[in-house]
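These protein sequences, in sequence, are chains C and Y. Just so you know, the first sequence maps onto residues 137 to 789 in our numbering. Just so you know, the second sequence maps onto residues 137 to 789 in our numbering.
Incorrect hints may have been included.
Since the list gives no way to pick out one identical chain from another, each pair is judged satisfied if it fits inside one copy or across any two copies.
Here are the computed lysine-lysine pairs in the BS3-like style, where the Cα-Cα straight-line distance is at most 30 Å [said to hold, decoys possible]:
id : residue 1 : residue 2
1  : Lys225    : Lys513
2  : Lys332    : Lys294
3  : Lys529    : Lys490
4  : Lys531    : Lys437
5  : Lys437    : Lys687
6  : Lys687    : Lys759
7  : Lys759    : Lys490
8  : Lys687    : Lys531
9  : Lys332    : Lys429
10 : Lys687    : Lys766
11 : Lys147    : Lys490
12 : Lys687    : Lys529
13 : Lys419    : Lys437
14 : Lys294    : Lys341
15 : Lys437    : Lys759
16 : Lys429    : Lys531
17 : Lys147    : Lys606
18 : Lys429    : Lys529
19 : Lys529    : Lys365
20 : Lys531    : Lys365
21 : Lys490    : Lys332
22 : Lys316    : Lys332
None of these hints come from the bench; they were simulated from the model.
Protein chains: 2
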Amino acid sequence: MNDNTTPASGKVQIHDPFWSEYIRLVREVMVPYQWEALNDRVEGAEPSHAIRNFKIAAGREAGEFYGMVFQDSDVGKWLEAVAYLLETKRDSALEEIADGVIELLAEAQRDDGYVNTYFMLKEPGKEWTNLAECHELYCAGHLIEAATAYFRATGKRKLLDAVSRYADYIAAVFGAEPGKLQGYDGHQEIELALVKLFQVTGEEKYLELSRYFLDQRGQQPHYFEQEWKKRGRTLHFPQLSMVHDHLYSQSHLPVREQTTAEGHAVRLVYMCTAMADIALETKDAGLLEACRKLWDNIVNKRMYITGGIGSMEQGESFTADYDLPPDLAYAETCASVGLIFFARRMLELEHTSKYADVMERALYNTVISGMSLDGTKFFYVNPLEVYPEVLGKNKNYNHVKAVRQGWFTCACCPPNVARLIASLGDYIYSTSTEGDILYVELYIGGRTARIMNGISAVIEQISSYTSDGKVRLSVTPEQASEFTIALRMPDWCHEVQVSLNGQSRTHHAGNADGYIHLTRKWVSGDTLELQFAMPVTPMKGHPHIRQTFSKVALQRGPFVYCLEEADNGTRLYQLRLPQGNEYSLAEEAGFPEGIRTISVSGRRMLPEAGWGEELYSSGPPLKSREVQLKFIPYFAWANRGEGEMSVWIGEEQ
Amino acid sequence: MNDNTTPASGKVQIHDPFWSEYIRLVREVMVPYQWEALNDRVEGAEPSHAIRNFKIAAGREAGEFYGMVFQDSDVGKWLEAVAYLLETKRDSALEEIADGVIELLAEAQRDDGYVNTYFMLKEPGKEWTNLAECHELYCAGHLIEAATAYFRATGKRKLLDAVSRYADYIAAVFGAEPGKLQGYDGHQEIELALVKLFQVTGEEKYLELSRYFLDQRGQQPHYFEQEWKKRGRTLHFPQLSMVHDHLYSQSHLPVREQTTAEGHAVRLVYMCTAMADIALETKDAGLLEACRKLWDNIVNKRMYITGGIGSMEQGESFTADYDLPPDLAYAETCASVGLIFFARRMLELEHTSKYADVMERALYNTVISGMSLDGTKFFYVNPLEVYPEVLGKNKNYNHVKAVRQGWFTCACCPPNVARLIASLGDYIYSTSTEGDILYVELYIGGRTARIMNGISAVIEQISSYTSDGKVRLSVTPEQASEFTIALRMPDWCHEVQVSLNGQSRTHHAGNADGYIHLTRKWVSGDTLELQFAMPVTPMKGHPHIRQTFSKVALQRGPFVYCLEEADNGTRLYQLRLPQGNEYSLAEEAGFPEGIRTISVSGRRMLPEAGWGEELYSSGPPLKSREVQLKFIPYFAWANRGEGEMSVWIGEEQ
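Chain C extracted, bound-state conformation (with noise of 0.2 Å):
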């Protein structure tokens, strides 16, 4: 707690038991480790090479492009997440080193502009001729994402003139005029970078090509066919379909027409974010009326009960409506990061509960999933139940590990986790456009300050939340000021006790927003003190999604839960829950602070009278046993070794 001053309006300084942890492992051990990684001083890690490639493009080093097509981007998501460590806390040495990449990016670009190490290295006069397959604009996505965030950490401009001018030559190269490209990139990203850019500098002309970039998207002719043509017909990927496989890259249909979640799931949910983005700042009916019904597609009927999304490997792509397959589950890291964004674009749009309550389901499930309690291993998915016994033997689960790996398997989610976590202080409130209400999204301690009716006000929250729902709100106005505070009834909670200064009530559910509006002149030293019910729930599954049919998944407060082997031992399948039994909690080493374990008496189904040799046979009937079962929080799972996992049980009908 050694920044408790207060921020600036509008930010928020986390001071949290369980959140401090992640950030402080963000800070530590994730930025300082990518940073070793991205210069190629990790022992026995393949070179990222992303450093060296701008080194060589910017003449100071002779050598040939390695990596991947889009390695540029690590580059621009490591300095996103600098600029928000260094939002929070100044570290002089920190921004040394990236104000140093910052010269480098700067010497790589070409006097145009342009700056792709890949296509000024590898490929140098194909520019802009696969954008389906080669992430060009994605990856100037990624250095615009930064240059912003650096810009208004650090009120430094160099990086921020830099993309600029890039997207001035962007905007030269791609449009609707005669001589231009009518392309887009074949992986979003670049549109909400866009959006940003225009936040930053106030250029609507960056507004302008964000939506002719997401307008163009699904036009026919098909411009990704077209340009494959144009090219003679290569690939970059030929073992992938990224040219010819349109709903992959939600090409398949303009962005405005498209009423399902298709596709990869990490790219769809980039877009929407962009088209979020676009519908509020002009107020665009037509895109709101788009990224509703995608939220709906995505929320009602592809989305895991942990906030995963993508229900299959082939495409990291979402399936078919009700299709949640949990062992086969792709539910990528970075798609719940991407689902965050978009539920926050949704938040400022439209102020309904049921946003944040994405927000928060994806956030302590998936995304913390992605990541060791030490942070030094991550999960690029993130299955529901994992059986390691078929791991490498049956091949549709080849792309689940019961084990997270060092950062260079899986690079592009530990950083994508990396830049939420830091900038999460931009998740926890909303001011609605009047300023007239503070809406609290999440439940996360800290400290905050924030202009209400024109009155400057700092509110901090001291929050148990993650261990026993209990939250207090302490508010500090420069002078008495009466404005609204909305606290936001979290989907898995019916009772809250809400006091306010020492007066208590109790509500069962919020305004229609999902909201429980307190609306008064608030002084000085008021105080809320905000009690959650957080009972253990059994969750079911909609009675379409075959998988989870007649199985539950506990969770409480925000956290859904899983089994362990490691705590009920193998064949966790035939374990079953009866209804109505007592839930106990209890905190044990091992896991953060706060962080409760249930436990309950359940049945183990076994053969009553053992069972032969036979695969197959008429008997012996299953005879259930008493067994004490428990439960950990989804997000902690593989931390104690490898095991079997699951997050649904049968329940005992």
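Fit chain Y to the supplied structure of chain C, relying on the hints for placement.
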């Protein structure tokens, strides 16, 4: 029943209410259709070019090779099926066509004996440089099998002589001697074919060559790696891993050291068939022991209840013990045909009924599931659960079809089904080596003549086994003769009434070998009447199979049943089967004669109070509603349009 003559000794003339129709389909529909297909005369189908390849190779026509590298094998398999048909019913028109094809093959054959149209036309000089991928010996094997069958059926030697010359040439190319290739084929087949060639010609050298190929497999240094380096590391199927995935082709270990069924399922069972052949012909105890271990692993750990094998699409392969996903099953029709080949050989090696039980299971379920009831459409893949709405969307199911396809979408399975059904008579009886026991393996109606203890006896079986479990066996020896008739007690049956000339006795089990042995001096007119109790039996999977745990599959007699949407509505996973309810049987239009459907009162589980839009929620509880469940035999599924299907149903506990 126009063929009610007594067949040649050891052969069977089938007249069966169930099987005669299948044989008719093979004779009247499948074999004529395939002849048209092989000659590219099927409108709308992709050309086969198989006959034309031979015409070009023979110099009769100009042109280029077209088709798969193993295209020749289609001609071999077709000829083999024709041979079996001719064996049971002369057909001069068909024989003339076959003679013409044989003329053509002989004309195409090179002077040195080699014949393979792919290499002769497309890659001359590259013979034997890519055994791992190019199926060269595999194609040779199918020609050899055709030749031996045709010789047995017609006594004509032309093809037999041709393939003998080819085999002699192969023996000159391959072997342990210096200067020869120490290789073996990627796809096992020639091994079992060479044993047939030995059996027909009496030439030990063919047996030796077969054993050489078997024993060479899996030796180090690895032949496929060596030939790959030698030919410049080229690949015929770059998207597959036939060269480097040694498990795939069972070349990861010497065959005698293999104890688990790994890799491509068809290859494994073809290999095991040859191993059993060699074990039988040469009394090779090591091979027999390896066969036993592999058999046990397949049948006790890696086989579907339908007799299907291969749990994954990738590599059309086995996965792990007790890993039997019903929806992702590969269970290739050809693999079950091959399993029957293996079982038949094991029966000869050690006469226990378990081998015939599996033969029956695979035959009555997966093999005939492979074709539509009208013989015009085929399944390559035989899943045990299908939800059509996710097919095409969830790419894990890309191999699964909900409706059977025309011949050419799956060219390997239909001819395999044809040759098995055309030779079905060979699977019904066995005779002990000493000639004193006649084993009845399958209860299929028809007539056979056997030499028992030196005296010829005609056995006539009249069977309604598939509908009511009744079988009548009439024994007509040329003169009174003592021998044993051993009646297989099927694994699904726990009570059979056996009446000998009207004197009845009830058996609850067979002898230690699984057969009921009846030894007496048989006289003309002796009649056995069998009544197998054929109750509907809910079958369970081994408790280590997570995918079938707490579910049951109904079986009646040899048939495994399934639920179809046509009878039970959608969302079959919501159905439950209570224990102890009464089953009723019915004969219905649209199913083969005598086949019964099963009805039983069951339950559909549904949320008590409906369910809203939300994907996850804490309630309401499930409530069960009584519904009438109808099951049909698995083999008959997908004959009434597209719909859901499931073999397994949750059992009410």
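Each hint tested on the structure:
In this assembly of identical chains, lysine 225 and lysine 513 lie within 30 Å of each other by CA distance solely inside one copy; the values are 25 Å within and 69 Å between copies. For the identical chains of this complex, lysine 332 and lysine 294 are intra-copy neighbours only, at 16 Å inside a copy versus 81 Å across copies, given an alpha-carbon limit of 30 Å. Proximity of lysine 529 and lysine 490 under a CA criterion of 30 Å is satisfied inter-copy only: 28 Å between copies versus 40 Å inside one chain copy. For the identical chains of this complex, lysine 531 and lysine 437 are neighbours both inside a copy (27 Å) and across copies (18 Å), given an alpha-carbon limit of 30 Å.
Taking the shortest alpha-carbon separations for lysine 437 and lysine 687, both the intra-copy value of 17 Å and the inter-copy value of 27 Å come in at or below 30 Å. Taking identical chains as interchangeable, the C-alpha atoms of lysine 687 and lysine 759 lie at most 30 Å apart whether they share a chain (19 Å) or sit on different chains (14 Å). Proximity of lysine 759 to lysine 490 under the C-alpha cut-off of 30 Å is restricted to the inter-copy arrangement: shortest distance 29 Å between copies versus 42 Å within a copy. Taking the closest pair of Cα atoms, lysine 687 and lysine 531 come within 30 Å of each other both inside a single copy (26 Å) and across two copies (25 Å).
Taking the closest pair of Cα atoms, lysine 332 and lysine 429 come within 30 Å of each other only inside a single copy of the chain (24 Å); across copies the shortest separation is 65 Å, beyond that limit. Taking the shortest alpha-carbon separations for lysine 687 and lysine 766, both the intra-copy value of 16 Å and the inter-copy value of 25 Å come in at or below 30 Å. Taking CA atoms no more than 30 Å apart as the test, lysine 147 paired with lysine 490 passes inside one copy only; the shortest distance there is 23 Å, against 73 Å between copies. Taking the closest pair of Cα atoms, lysine 687 and lysine 529 come within 30 Å of each other both inside a single copy (27 Å) and across two copies (24 Å).
Proximity of lysine 419 and lysine 437 under a CA criterion of 30 Å is satisfied intra-copy only: 27 Å inside one chain copy versus 61 Å between copies. For a Cα distance limit of 30 Å, the shortest separation of lysine 294 from lysine 341 inside one copy, 20 Å, qualifies, whereas the shortest one across copies, 82 Å, does not. Proximity of lysine 437 and lysine 759 under a CA criterion of 30 Å is satisfied inter-copy only: 23 Å between copies versus 35 Å inside one chain copy. For the homomeric pair lysine 429 and lysine 531, the shortest alpha-carbon distance between copies (24 Å) is at most 30 Å, but the shortest distance inside one copy (35 Å) is not.
For a Cα distance limit of 30 Å, the shortest separation of lysine 147 from lysine 606 inside one copy, 23 Å, qualifies, whereas the shortest one across copies, 84 Å, does not. Only between protomers do lysine 429 and lysine 529 lie at most 30 Å apart by alpha-carbon distance; the minimum there is 19 Å, versus 39 Å within a single protomer. Taking the shortest alpha-carbon separations for lysine 529 and lysine 365, only the inter-copy value of 27 Å comes in at or below 30 Å, while the best intra-copy value is 40 Å. Proximity of lysine 531 and lysine 365 under a CA criterion of 30 Å is satisfied inter-copy only: 27 Å between copies versus 34 Å inside one chain copy.
Taking identical chains as interchangeable, the C-alpha atoms of lysine 490 and lysine 332 lie at most 30 Å apart only when both belong to the same chain, with a minimum of 24 Å there against 70 Å between chains. For the identical chains of this complex, lysine 316 and lysine 332 are intra-copy neighbours only, at 24 Å inside a copy versus 70 Å across copies, given an alpha-carbon limit of 30 Å.
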